[in-house]
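Chemist: As given, the protein sequences belong to chains A and B, one line each in that order.
If you count by the UniProt record's numbering, then the first sequence holds residues 1 to 418, one letter each, in order.
If you count by the UniProt record's numbering, then the second sequence holds residues 1 to 418, one letter each, in order.
These aren't lab readings, by the way, just hints derived from the structure by calculation.
Glycine residues also receive a C-beta, built at the ideal position from the N, C-alpha and C atoms.
Among these hints, one or two may not hold up.
Said to hold, decoys possible - For lysine-lysine, the following DSSO-like pairs were computed, each having C-alpha atoms within a straight-line distance of at most 27 Å: (1) B:Lys244 - B:Lys18; (2) B:Lys244 - A:Lys359; (3) A:Lys244 - B:Lys244; (4) B:Lys115 - B:Lys18; (5) B:Lys266 - B:Lys48; (6) B:Lys244 - A:Lys385; (7) A:Lys266 - B:Lys67; (8) B:Lys192 - A:Lys322.
Claimed, not checked - Computed footprint of chain A on chain B, listed as stretches where at least three residues anywhere in the stretch have a Cβ under 8 Å from a Cβ of chain A: (9) 256-263; (10) 398-409.
2 protein chains.
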Amino acid sequence: MYKCSKQRMEDKIKTMSKYGDAGHGGVTRYTLSQEDLQARDEFVKRMKVIGAEIKTDDMANMYATIKGSSPNLPGIVMASHCDSVRNGGNYDGILGVMSAMEALETIADEKIPHKHNITAMIWTNEEGSLYPPAMMSSGVICYDYLPENIRKNFKHENMLLSKSVLDKTVTFGEMLDKNKYKGDKKNRLNPKEYSAMFELHIEQGPILEAAGNDIGVVTCVLGMVNYRIRAFGQSDHAGTTPMKYRKDALYAAALAIQQLHNELDKLAPDLVYTTGEILCHPNVHTVIPDMVEFSLDARHEDPKVIEGVVKAIKNLPEELAKCRIESEVAWTRDTVYFNKKLVGYVQEAVDELGYKNQKINSGAGHDAQFASYMMPTTMIFVPSKDGHSHCEEEFTSLEQCVKGAEVLLNAVLNLDRN
Amino acid sequence: MYKCSKQRMEDKIKTMSKYGDAGHGGVTRYTLSQEDLQARDEFVKRMKVIGAEIKTDDMANMYATIKGSSPNLPGIVMASHCDSVRNGGNYDGILGVMSAMEALETIADEKIPHKHNITAMIWTNEEGSLYPPAMMSSGVICYDYLPENIRKNFKHENMLLSKSVLDKTVTFGEMLDKNKYKGDKKNRLNPKEYSAMFELHIEQGPILEAAGNDIGVVTCVLGMVNYRIRAFGQSDHAGTTPMKYRKDALYAAALAIQQLHNELDKLAPDLVYTTGEILCHPNVHTVIPDMVEFSLDARHEDPKVIEGVVKAIKNLPEELAKCRIESEVAWTRDTVYFNKKLVGYVQEAVDELGYKNQKINSGAGHDAQFASYMMPTTMIFVPSKDGHSHCEEEFTSLEQCVKGAEVLLNAVLNLDRN
């Protein structure tokens with residue numbers, strides 16, 4: 001049972017928080033941006049210090065590996081991402097990378113014997129903030145996206161509003177091609193050279209904190225549906241069109257959002273659903289909107305509940321406030337259950353360490369979810385203060401970060417021994 | 001009592017509709033754009049044919065004048081604009097310009113005697129689509145804006161979403177400086193050289209059509225208020241935040257919009273109000289919105305009703321769905337009554353011509369409203385099919401357009417005689 005270095009972990013957190021520092025406690029670190037490169041350079045610098053071998057693949061995913069005593073056995077990977085959302089926090093993704101670094105640094109520092117090669121990995125573009133979709137690289141490598149199409153992806157139109165990126169309207173492929181960490185396709189994560197993947201991540205919710213636990217032993221990633229819902233009205237002049245003649249798409253959308261809230265609240269207490277994005281055309285204060293589109297994201301472990309969500313969407317009236325309503329499924333995901341053997345090693349490690357813990361599921365999508373389609377995979381959660389994430393208030397205490405790294409390290413060593 | 005040329009009017013409508021043709025029946029003709037310049041060139045070409053003298057001022061407003069028999073008397077102006085909203089129609093603004101041209105062409109063609117100089121005028125940037133505010137030039141020249149500040153105005157942020165203008169993020173002043181029609185400040189419309197202004201415009205509403213009238217004798221421009229209403233929530237992860245912990249600013253905004261509809265519908269049957277613009281931050285489908293702002297535009301002749309609107313906004317709860325609600329007045333305008341004498345000349349002309357007509361007020365703002373602060377001013381409306389405007393369905397029949405031009409011509413001649 002091995003411990004990690006609090007001081008070394010603190011130094012990594014402080015250093016990484018500088019890269020993309022938005023000036024008020026959080027970071028904006030888009031994938032493949034200058035800020036992202038600073039974080040990757042830091043990763044390379046520290047991994048070289050412990051003698052790790054650095055490789056990168058054609059999606060600019062990065063692998064830092066220390067050899068085991070039986071280097072021909074398939075290796076063990078600890079991975080997460082270092083990109084962030086706009087005005088994100090200092091822990092989402094990057095903490096998983098720092099914990100993997102801390103685990104390798106501990107192994108090197110204490111010369112912990114291990115048979116398998118052990119790798120700390122960075123996934124490119126997990127957030128998809130600038131170039132949708134999220135979890136792009138793990139999707140490309142482990143799942144069924146077509147890289148050639150992904151490369152053509154443009155910035156999210158919403159991002160055009162962000163002055164900082166207005167001047168670089170390039171595709172993901174162009175960004176990738178001019179990135180110094182773009183490497184060889186043969187270096188991709190694959191089930192021949194690697195036998196398992198662990199990902200430590202912040203919970204991004206309030207459950208562990210509310211229960212007073214420091215570690216979440218993750219068992220699954222919740223199933224979800226993502227819909228686009230549109231209201232079609234008629235653009236007319238705001239000052240000259242009597243109310244009775246109007247077809248106001250924004251008013252129709254407001255009614256639809258409220259009706260969805262009323263219906264979905266009846267389905268299950270632990271269902272989560274979000275209307276996070278809204279687009280309005282022409283979006284001018286003197287013109288009645290003729291088209292409004294908004295997103296609906298809903299997540300739950302039980303497919304029956306997700307079916308109920310789809311039913312509620314389908315049950316929206318064909319017309320609200322004289323506007324035609326239509327809905328379209330954007331994407332769906334079935335609940336992904338993690339590898340029972342690996343979940344067991346995590347539970348074993350946290351029990352040995354004696355940290356307060358619980359089984360938990362992940363409402364958020366992670367690269368681990370796609371990786372699990374390719375090889376045995378599991379996750380470890382640490383608490384998020386007040387449950388906040390994807391914002392600058394995001395916080396996990398140093399003690400909790402170190403406990404997480406220790407659980408990761410010992411779970412990996414448990415697997416190594418068996 | 002003089003008539004205009006249907007064939008000549010039809011030719012103007014067909015020609016002007018080509019400049020900015022968006023390919024599906026309407027135009028996108030932003031002020032000072034290439035398309036706008038094409039329309040202005042057409043104006044110059046046709047006005048030179050009838051021997052009009054062309055002048056432009058420092059806001060690129062254009063004046064085509066034919067001399068009267070007493071050229072030292074203050075002249076009479078017929079004015080409107082040739083810029084459009086995005087995907088606008090073929091009549092808003094440009095019909096007023098074409099009617100002024102038609103009136104001058106008729107006077108020249110039939111050698112109609114007149115004492116006063118008579119001017120056809122184009123106002124720059126009435127729509128403010130690309131460079132807010134609307135009615136910029138008349139505001140600068142007749143009202144109380146500061147031109148130097150106006151020049152610094154950037155594109156409406158919303159316009160950044162329009163790929164076509166992404167490459168030219170310049171200020172209005174820069175656009176103006178490189179425009180060949182920018183002229184001398186001394187040529188501005190002024191109450192010494194000019195005695196009155198008439199503006200013909202489409203109604204942009206369904207009232208004339210519903211009453212079967214061809215002409216609206218406009219008596220006033222409705223008073224209005226324009227508010228920005230904001231909801232402040234908390235950004236958290238869409239998949240990991242239980243519903244009871246959420247502060248969803250978009251849901252709060254949807255509730256606020258519905259509450260406003262419920263309250264404002266009680267105030268007056270002819271009150272018009274619009275929530276035409278909505279901005280959501282960060283506007284990502286996987287993030288709970290932390291800030292949503294929307295516009296509220298309300299218009300009515302009676303200040304008591306407008307007071308009721310303000311009261312309803314102030315009465316919004318301080319908190320909706322655990323989100324703080326705040327409102328801020330963007331701008332207001334009192335009802336503007338047009339010059340009774342000029343309104344009389346318009347009524348006289350339409351009665352002589354025997355066209356079906358009614359008194360009507362204008363819910364839309366027009367340059368005439370600012371001009372009326374400087375000199376006697378009035379307006380003439382023609383019907384809008386199905387009341388549609390600020391959209392490509394905008395339509396007024398050729399017969400109605402010609403009738404409008406004839407009322408404009410004869411009203412101007414009535415004033416000339418008195």
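Chemist: Give a verdict on every hint.
Modeler: Here is how each hint holds up against the structure:
| no. | hint | verdict |
| --- | --- | --- |
| 1 | B:Lys244 - B:Lys18 | violated, 56 Å |
| 2 | B:Lys244 - A:Lys359 | holds, 21 Å |
| 3 | A:Lys244 - B:Lys244 | violated, 38 Å |
| 4 | B:Lys115 - B:Lys18 | violated, 36 Å |
| 5 | B:Lys266 - B:Lys48 | violated, 54 Å |
| 6 | B:Lys244 - A:Lys385 | holds, 16 Å |
| 7 | A:Lys266 - B:Lys67 | violated, 76 Å |
| 8 | B:Lys192 - A:Lys322 | violated, 51 Å |
| 9 | 256-263 | holds (count 3) |
| 10 | 398-409 | violated (count 0) |
Figure legend: structure checked against the earlier numbered hints; hints not met, in rising order: 1, 3, 4, 5, 7, 8 and 10.
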